[in-house]
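Asker: Take a look at the letters that make up each chain.
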Amino acid sequence: AQSVTQPDIHITVSEGASLELRCNYSYGATPYLFWYVQSPGQGLQLLLKYFSGDTLVQGIKGFEAEFKRSQSSFNLRKPSVHWSDAAEYFCAVGPNNAGNMLTFGGGTRLMVKP
Amino acid sequence: DAGVTQSPTHLIKTRGQQVTLRCSPISGHKSVSWYQQVLGQGPQFIFQYYEKEERGRGNFPDRFSARQFPNYSSELNVNALLLGDSALYLCASRDRGEEKLFFGSGTQLSVL
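Each protein sequence line maps, in turn, to chains Y and A. Numbering of the first sequence is given in our numbering, commencing with residue 1 and proceeding in unit increments. Numbering of the second sequence is given in our numbering, commencing with residue 1 and proceeding in unit increments.
Bound-form chain A, shown alone (with noise of 0.2 Å):
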């Protein structure tokens, strides 16, 4: 089975700028959430979705925002990009009445 994927793997985009990034997760796995990885820090949660809901935000301005389609798929959109939100993003699944997260790869947003 495929694990998360997500895309791009690398985006370089410039301030001001707005940016799509896309989730699939594992087949089976309802919930997704989204977390942003600044170089040399531990992961920051930002969203999470449940069965096409928002379940969670974390402490991140309203620039940010997600959704979750049918298939469970989801989308993170960042608008007027700032040099500040250079960072990997992840995003992760989980099976309903599991702990485990399952990560992808993330994608690699540079802001110039």
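Excised from the complex, chain Y in its bound form (with noise of 0.2 Å):
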């Protein structure tokens, strides 16, 4: 069975620093990965995929993760964090013929100090 562990259920982080959202899963073949964000109140938007290809993928808002089979990792990275990006964050996991059926992490959110 496919499962998603983000260890991290709060991280503070100040504005302008570099954050790194840690996102390990577990499935039997390659995987579809993919990073949501979702603010209070609100539905999930994508901010990046990984399907295939190059491992360190670029997404929307500044953000980028990084591909790592060998680790069953897939984390999330943005070099200069803003207010803005206070929200949560989910990584999910899903099969080449997903479809729709995402299995989602616990979630981390993200606190941004002044």
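Cut-off 25 Å, straight-line C-alpha distance, at most; resulting in silico cross-link-like pairs (DSS-like, lysine-lysine):
(1) Y:K49 x Y:K61
(2) A:K30 x A:K52
(3) Y:K49 x A:K100
(4) A:K100 x Y:K68
(5) A:K30 x A:K100
(6) Y:K49 x Y:K68
(7) A:K52 x A:K100
(8) Y:K61 x Y:K113
(9) Y:K61 x A:K100
(10) Y:K49 x A:K30
Bear in mind the hints are in silico, worked out from the structure with no lab data behind them.
Starting from two chains that each stand alone, build the complex the way the hints lay out.
Answerer: Here it is as structure tokens:
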């Protein structure tokens, strides 16, 4: 069975500091990997996705993520955090023919200090 | 263009009642899925529909059912509500051949 673990429930960073959110997955084949962001009272917005090819993928809002097969990880990074980045971040995994059937991690709540 | 729209935005029910949640996908999207998000947790897959047929079902009891209409809108029904059904219910749509899901803002269901 596939699963996603986000080890950090809460993270607080200062505005302008760098950010790394961790994601580890368990899946038997090559997964489709996603990072979504959710602001309070909102649905989820896709930040980036990885299917194949270059293991460093760029997303919206200055985010990037690196796929490391040997570590079963797909960590999200941003070099300089803005106050508007405060939100909940979810890593998700799906099979090649996932359609809409994603498995999400428990999420990491990001707080940004001024 | 309008995004994925869900109604109602908030709902309060009592245990044992039945509830119907509605979702309109982005125009042109034929695939709709439903997720349950309990407070403090990530979304959990409930159903996927494509072209009015069920294409996938998550680990949810038979109290949960759904359908998709000819205009590709969808309804999620939950019978015999339990306190544990209190959650944010998210609908997502997807264009054919694309892996990106577009989520609605959800329906917040509270069961008292």
